[in-house]
Amino acid sequence: MIYALLCYHQEDVVCGWTKEEDDAVMARLAVVHEKLARAGKLGPAARLLPTTAATTLRKDQDPPLVLDGPFAETKEQLLGFYTIDCADLEEALEVARELARANPGGAYEVRPVSLFVPGSFAP
Amino acid sequence: MDEARRIGTTLAAARPQAVAALLRYFRDLDLAEEAFQEACLRALRSWPQNGPPRDAAAWLIFVGRNVALDTVRRRARQTELPAEEMLSDIEDAEAVIAERMDGAHYRDDVLRLLFICCHPDLPATQQIALALRVVSGLSVRQIARAFLVTEAAMEQRITRAKARVAKAEVPFETPGAVERAERLGVVAAMIYLVFNEGYSAAGDLSAAREPLCEEAIRLARLLLRLFPAEPEIMGLAALMLLQHARAKARFDAEGMVILLDHQDRRLWSRPVIAEGLALLDKALRHRRPGPYQVQAAIAALHARAARPEETDWAEIELLYSTLEIIQPSPVVTLNRAVAVAKLRGPEAALAMVEPLGDKLSGYFYYHGLRGALLMQLGRTSEARDGFMTAIGLATTAAEAAHIRAHLDRLAATGREGP
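Protein chains in written order, with this note's numbering: chain A, 1 to 123; chain B, 1 to 418.
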């Protein structure tokens, strides 16, 4: 079974870490990542940019509405995610719109990835 | 990270919201700050035992408000509330209070708190000092160190600024859309001042002032969370992030400034650049350009160039000419001249720079750039005069050293020449 681990923390606390503190956390995580990768248990992992960098496409209306900021409702639940490689936000939103046409309802939060670990699942 | 440190970070993160809400309750900056301070002391006692609350800011506001009410009552010589009894109620009340603290209130509270620090009677440095003390919660010692004054002098300066602000009568009603936009503009300018105080420092001072850059970015992120759809706030955050990303490459081991062309670009922080570019991308979608967005776009072109030769100077010149229209200033024209020098050579740039002499005669960079252009054109004695004037106007040892290096080079070529 493939599991997704979704990482939650208080953003202003994490953004308040000094470079040294941040580096220390990342170094400790890297040790775990490496162990998991060697065992073939690590798939793609990502560290996201802060929510201030997020844009949300509300696809419960036609045409979908683009809003600045993160997804903020609580009546919907997180059901999946994509990672896509695009030149800029405009292209990423275009991909989101195309997906929305195939699957209207709910929302996509478009959040740039700051660190991407490709991982290495055994085929 | 140990627990005390973690609590400290949480308290610092909650500070702007908590102090801002307490200010709305009490309409007295000193009382709001005291109340927050006392709430923090109680947090340090209570959180390690009972665990941190779900919403730290709401907890601090609730406790702080009770503490301050107690103080007010005591000052009015009424019976004081038993402190322990008050604390025991908090656990039950916390959930209710957290719900009542709706986002819209926070937003105007924090904006008001920042706006109060921008009182037009206060000189820029006092606005900055006040914001760093009241909003960011930096210690007087830290601020004094950044401004090269004694702790006592800074304490006095902040006290005076507070007294000035207390008389200002900033309205506590929820502001209308126009007033909110105006406040946002004033606050954005103050945040950029905080950043520049940090960014423009060199040498020994740069370490003491680095927290100013980080604070400014933190405040911009805070504003962005409260006002997520303002392209100029995105632009401001992007601008500061893109400049701050170069921090590690900006000075050599002796604290000398390293110019953009000579920086080791591998030292630029990629995640910080990524965040800046992402915010700029978001801002540009709105198609409502403004000075911060244009300056961020210029910084982004530098950030995107892997090597100095790859810099898109034509686009940079275009952006500076846009800036000349929306925010005309001789300094902007001077910056455009740098791009023109790269694109069309020193002669064209010098023709742009010369007419600025009247307005920028006391400006270090004007004489520095003019000297450099004259040097490139082989007009050595005029170049030397320009550099001598620049050296007299240098405000940091690094600036002076940079010009002296030019003078040394001039002297060397003079000896080799005919």
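If you're looking for bench data, these hints aren't it; they were derived computationally from the structure.
Hints should not be assumed to be uniformly reliable.
Residues from chain A shown here face chain B by an in silico Cβ test under 7 Å; the list is partial [said to hold, decoys possible]:
#1 16
#2 52
#3 83
#4 84
#5 91
#6 95
#7 118
Even for Gly, the Cβ is constructed at its ideal location relative to N, Cα and C.
Quick check on the hint: residue 16 of chain A CB to chain B CB, less than 7 Å?
5 Å, holds
Would you check whether residue 95 of chain A satisfies its interface hint, that is, whether its CB is within less than 7 Å of any CB in chain B?
The hint is violated - residue 95 of chain A has no Cβ within 7 Å of chain B, the shortest such distance being about 15 Å.
Evaluation of the interface hint that places residue 118 of chain A against chain B, nearest CB under 7 Å
17 Å, violated
Restraint outcome when residue 52 of chain A is required to lie within 7 Å of chain B by C-beta distance:
4 Å, holds
Measuring from the C-beta of residue 84 of chain A to each C-beta in chain B, is the shortest one below 7 Å?
Violated. Min distance 14 Å.
Closer than 7 Å between Cβ atoms is the bar; does residue 83 of chain A clear it against chain B? Give me holds or violated.
15 Å, violated
Taking the least C-beta to C-beta distance, is residue 91 of chain A closer than 7 Å to chain B?
10 Å, violated
In this structure, the hints that do not hold are numbers 3, 4, 5, 6 and 7, in rising order.
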